[in-house]
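Novice: For this one, chain U is given, so just place chains G, H and V on it according to the hints.
There are 4 protein chains.
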Amino acid sequence: MGQVTKVGVLTSGGDAPGMNAAVRAVVRAAIFNKLKVVGIKQGYHGMIQDRMEPMTSKSVSNIIHQGGTILKSARSEGFRTPEGRKKAFENLKKSGVDGLVVIGGDGTFTGARIFSQEYNIPIVGIPGTIDNDLFGTDYTIGYDTALNTVVQAVDKIRDTASAHSRLFFIEVMGRDAGFLALRSGIASGAEAILVPEIDTDFKQLYTFLEKGFNKDKSSSIVLVAEGEKISGGAIHVAERVQKEYPDYDTRVTILGHIQRGGSPTAFDRVTASRMGVSAIEALVDDQKSIMIGLVNKEITHIPFNQALKNKKKLNPSLVELTSILSI
Amino acid sequence: MGQVTKVGVLTSGGDAPGMNAAVRAVVRAAIFNKLKVVGIKQGYHGMIQDRMEPMTSKSVSNIIHQGGTILKSARSEGFRTPEGRKKAFENLKKSGVDGLVVIGGDGTFTGARIFSQEYNIPIVGIPGTIDNDLFGTDYTIGYDTALNTVVQAVDKIRDTASAHSRLFFIEVMGRDAGFLALRSGIASGAEAILVPEIDTDFKQLYTFLEKGFNKDKSSSIVLVAEGEKISGGAIHVAERVQKEYPDYDTRVTILGHIQRGGSPTAFDRVTASRMGVSAIEALVDDQKSIMIGLVNKEITHIPFNQALKNKKKLNPSLVELTSILSI
Amino acid sequence: MGQVTKVGVLTSGGDAPGMNAAVRAVVRAAIFNKLKVVGIKQGYHGMIQDRMEPMTSKSVSNIIHQGGTILKSARSEGFRTPEGRKKAFENLKKSGVDGLVVIGGDGTFTGARIFSQEYNIPIVGIPGTIDNDLFGTDYTIGYDTALNTVVQAVDKIRDTASAHSRLFFIEVMGRDAGFLALRSGIASGAEAILVPEIDTDFKQLYTFLEKGFNKDKSSSIVLVAEGEKISGGAIHVAERVQKEYPDYDTRVTILGHIQRGGSPTAFDRVTASRMGVSAIEALVDDQKSIMIGLVNKEITHIPFNQALKNKKKLNPSLVELTSILSI
Amino acid sequence: MGQVTKVGVLTSGGDAPGMNAAVRAVVRAAIFNKLKVVGIKQGYHGMIQDRMEPMTSKSVSNIIHQGGTILKSARSEGFRTPEGRKKAFENLKKSGVDGLVVIGGDGTFTGARIFSQEYNIPIVGIPGTIDNDLFGTDYTIGYDTALNTVVQAVDKIRDTASAHSRLFFIEVMGRDAGFLALRSGIASGAEAILVPEIDTDFKQLYTFLEKGFNKDKSSSIVLVAEGEKISGGAIHVAERVQKEYPDYDTRVTILGHIQRGGSPTAFDRVTASRMGVSAIEALVDDQKSIMIGLVNKEITHIPFNQALKNKKKLNPSLVELTSILSI
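Chains as they are written, first to last, in the working numbering: chain U, 2 to 328; chain G, 2 to 328; chain H, 2 to 328; chain V, 2 to 328.
In isolation and in its complexed conformation, chain U is listed as follows (with noise of 0.2 Å):
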């Protein structure tokens, strides 16, 4: 393994906002750095089927507003087996590619680590999905504009809250990880909200409905990750809450996909140009098996390892901040 002189860039796993925008700088920073730059579409499964295309500065022009990814995304079985893995890696070699940059999230970094180690290629890492749930960065490219999404949707069903007894539950993604409902539920001046890492405490919502509609409060907005454990989701906390309250008007919304779309947010585009930058900075610098994370609003690497292997918490302050908020 010598000096990087030709890098492939790839989306993996669910779309998020904001990786175009790290495309655009990853080509752009490679060709700044004087390296070749090829795109392979539909990520690792499109290794396998040697579906890479050379970028230049123009082929990344008027990208960064798009959601979704130029690069489209893709799920591959081959690339878990030997065989799939041995494709690639030939792929890679006939086209000359000797470094790589995978924007997803751990499954995308999972498969990186043991291709890297397999074949001695350096890649390098960009977060980026909705969930923010990967441990090394404050923040995953797509989170942030997951989060208006959501909060501009809770905006709409909050101006329509005028009737008495009417409780909202609004299913948010995270089958995990609870971040985007947690903050998601803050910004909007959700009532209650529903995450994965804590287990719901059905007499606890009850007393804090109830308490609700006792002052009068015009209606109440209950956010749940899909995750959640107790239930299962939205529509079943609601029909155990209808069944438990037959007198309230329960009504379901279901996000859905439309969290992993939308033209991407300021702090969303900024962050990826930043972290795509700084990935062909740390290939040239001669770094692999990294993750690019922002901490503290400053670039930092950490080992594909690490990133895997630890499980990012939940902000106990933010999680506080709710019960001061919601009286």
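There may be inaccurate statements among the hints.
Because identical chains cannot be distinguished in the list, a pair is counted as satisfied if it fits within a single copy or across any two copies.
What the hints assert, rightly or not - Distance condition first, Cα-Cα at most 30 Å in a straight line; then the derived DSSO-like pairs of lysine-lysine: (1) 94 x 37; (2) 298 x 313; (3) 59 x 212; (4) 312 x 204; (5) 35 x 204; (6) 59 x 204; (7) 212 x 35; (8) 314 x 298; (9) 230 x 298; (10) 94 x 7; (11) 7 x 212; (12) 212 x 37; (13) 298 x 310; (14) 230 x 244; (15) 298 x 312; (16) 37 x 88; (17) 87 x 7.
In case anyone wonders, no lab produced these hints; they're calculated from the structure.
Specialist: Chains G, H and V only, in chain U's frame:
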């Protein structure tokens, strides 16, 4: 019944963006025409409970852009009874209110027609509902805003639709009417649109979806009105399709009350403003038991009776359009 | 001139949101009608430069929601000359293009009319301009989006308008026509609206503004069309008012090209889709030298000649509305 | 000075989105901590005029998402005089207010520091300004929202930028600080960014613009902070460039007060909520003459004195980023 001197204005039924713009126009046009004007809170319910307050030009400052309704809306069981309506009339009489403007949908106008007959009080209706299902007007207040809300949501989902064989089912409002689903489906480029007026032909839907996937479409979006008859909404349609095609990756979004909120569009604000002014002018011109309509860009009057007993039909040329545009 | 077999489509003049939705509809309707279809880049300029490319259903995937125009637009000095038009025609002939759909404003249709006469080629126009100043159609593509852009901008300014005696002058597009200023002014609750069609009466404006400040209005917003005649736009109007009232705090916003961009509204997309399909149907039906219009919700045809020689007028009932609503 | 029992809260200086979220948090945290709380209207001006009203949890319902400030803001000449401050203090005393939370920028804190010294009243400041120019905090409330407002405006302009040799100059706020221009410029992919901190090098700008046009860039966007020193803002920069390159088509947009309005982003709402709660906790903990900051994601306290006498600097790594990304 002589000349109207003091007008009561209320909003009733489901919230619709633009109701505030209509209230503002009613209040200011009343003042412009030297009438007194009071706001009645929570619709007919508040009329029975005597929740009225005098309105000035300033009471309606800075509300034209707000979703929801400052007068709040509510359902009223009481107003369905002769006793409730008697109480309501006594409250109006006590306050000197001798004319009403009611903003809402067909439930609102049904109540208004009976009340007007029983107590000989002139009432003018303004169509406010996101469903656009009222006969006698091309557009109801809130419809254009809801359309844009749905379209923006579908745009975000499309951003993320890069994976192969993915099927999105998005449920939009419309228990009995498919206007919202049809028009937002065209505007968002949906691959298929399921409405209450047309029984879903699953065979045809399957053929269509298969064709799309064979063409290597990266994903397909199906808009489902909540009143879809055969399966009963998006979740059940998705389950049925999933059973037929276990390999497809199906996802469901339920927009719910998001569609009733949000800042009204320019179109809804202008329509609401025109209708509000016209409602007052109609009262000044001794009209009663009519709904204000917007037909071919001009303000019209239609008797409540006609508005209620006729059913608005989907525009067949729009139905046809979808088959041309989704090829 | 026989039956059309291959259609060329272009966009010309100033960008308008929704042009892409129209291009998509033209392409897909052509294919639906078994016609071949090519996209001509950069309007008439590209026709002279022979910049054409075949279009398929897939070429127009995922563009319905995009602002701008994938075909790009340009002004063409060459097309004003017989030589330029000769070259353009030769290029069309070479490519086998025997019918055109041109999307733009009056400059676009003027060129189309002359070209159609000279070379006996059928041309159908689609009105695309944010100014809505074309005779023969109630709405032009882009107008509704631009309206909402202006209204959202004014909403934000109103949020901040808590200081006393503050006057905001906001310049919107419209060199010769005040449609955008008038309708967005009504929708945003502007205190005064200055349009090219009506000479600004500064005396009346002063009286009005004084009245507002005496009523303790926290601020006033004046929409100024860039074609305002007496002072020549918002900066000069503001200077004049400032000189008269040195104590007022006057601020100017110039929206500029923001108004030409953005994702098109539902209304503009549906209108564009209908017009695009209708343009192809008109060509199939042997029509030429006509503009597609939307009049009273129905598609109409109007000769270029009529569209060009008549002038659309401001709706007097909307002009009157502002004086009622700003009391 | 003993334990605080009754808190007054006010907003002062230019509006910033998120101020309402901060007011809500201050009020609810005060109630949570068993303190009484009053809202002071129109900043220091209202303190002198005795415009105070008791606040309850309900007073701040449904304001978290609203732009502007429900307490209104105003400049106060009176508070610069000893007599004015004496009157203000007497009013506070009369009402029993023995602690203050002031939300605003450096002008606000300068007044607070003097007032606190003169009358020994504990005051805690919350940084609320779109300029983000306060030393001692990474982010001020309103900055993130303003960034997104600018970015969305530039996105729309870019949509329309298909013509060749077109140059857009967009003026954003920032009389003395370029934070808003720099970060929004990176996020919107602007070709050049002119800030007050760095003298504009027109030679370099010309070289850069020429290079862009030679590369057949369809257009270029230059962000200009209003405090740009050499020419004095976007209109003058545009005139200068136009004179040098008469063939370029230059256009100017002045965003103005649009940047101060709009519904706050998730980030601004969460920051405002945290700061509001922390401000009350600081008062309860006997703190005075401090500004609440957010540094490295944690709440900090900084003496007014330090916040006022130090100057925050542009992040040099962001300045450098633009030269890499605009190649």
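Novice: Would you mind marking each hint as holding or not holding in the structure?
Specialist: Hint by hint, here is what the structure shows:
1. Proximity of residue 94 and residue 37 under a CA criterion of 30 Å is satisfied intra-copy only: 14 Å inside one chain copy versus 42 Å between copies.
2. Taking the shortest Cα distances, residue 298 and residue 313 sit within 30 Å of each other both inside one copy (17 Å) and across copies (15 Å).
3. In this assembly of identical chains, the alpha carbons of residue 59 and residue 212 lie at most 30 Å apart only when taken from different copies (14 Å versus 58 Å within one copy).
4. For a Cα distance limit of 30 Å, the shortest separation of residue 312 from residue 204 inside one copy, 29 Å, qualifies, whereas the shortest one across copies, 47 Å, does not.
5. When the C-alpha separation of residue 35 and residue 204 is checked against a cutoff of 30 Å, the pair qualifies only between copies, where the shortest distance is 26 Å, while the shortest distance within a copy is 62 Å.
6. In this homomeric assembly, residue 59 and residue 204 come within 30 Å of each other (Cα to Cα) only across copies, at 25 Å, whereas the closest approach inside a single copy is 58 Å.
7. Within a single copy, residue 212 and residue 35 get their C-alpha atoms only as close as 64 Å, which misses the 30 Å cut-off; across copies the closest is 19 Å, which meets it.
8. Taking identical chains as interchangeable, the C-alpha atoms of residue 314 and residue 298 lie at most 30 Å apart whether they share a chain (19 Å) or sit on different chains (14 Å).
9. Only between protomers do residue 230 and residue 298 lie at most 30 Å apart by alpha-carbon distance; the minimum there is 29 Å, versus 33 Å within a single protomer.
10. Taking identical chains as interchangeable, the C-alpha atoms of residue 94 and residue 7 lie at most 30 Å apart only when both belong to the same chain, with a minimum of 10 Å there against 45 Å between chains.
11. Proximity of residue 7 to residue 212 under the C-alpha cut-off of 30 Å is restricted to the inter-copy arrangement: shortest distance 26 Å between copies versus 62 Å within a copy.
12. When the C-alpha separation of residue 212 and residue 37 is checked against a cutoff of 30 Å, the pair qualifies only between copies, where the shortest distance is 21 Å, while the shortest distance within a copy is 63 Å.
13. With identical chains, the CA atoms of residue 298 and residue 310 are at most 30 Å apart both within one copy (23 Å) and between copies (23 Å).
14. Within a single copy, residue 230 and residue 244 get their C-alpha atoms as close as 19 Å, and across copies as close as 26 Å, so both meet the 30 Å cut-off.
15. With identical chains, the CA atoms of residue 298 and residue 312 are at most 30 Å apart both within one copy (20 Å) and between copies (19 Å).
16. Taking the shortest alpha-carbon separations for residue 37 and residue 88, only the intra-copy value of 22 Å comes in at or below 30 Å, while the best inter-copy value is 41 Å.
17. Taking the closest pair of Cα atoms, residue 87 and residue 7 come within 30 Å of each other only inside a single copy of the chain (19 Å); across copies the shortest separation is 48 Å, beyond that limit.
In the structure shown, no violation is registered for any of the earlier numbered hints.
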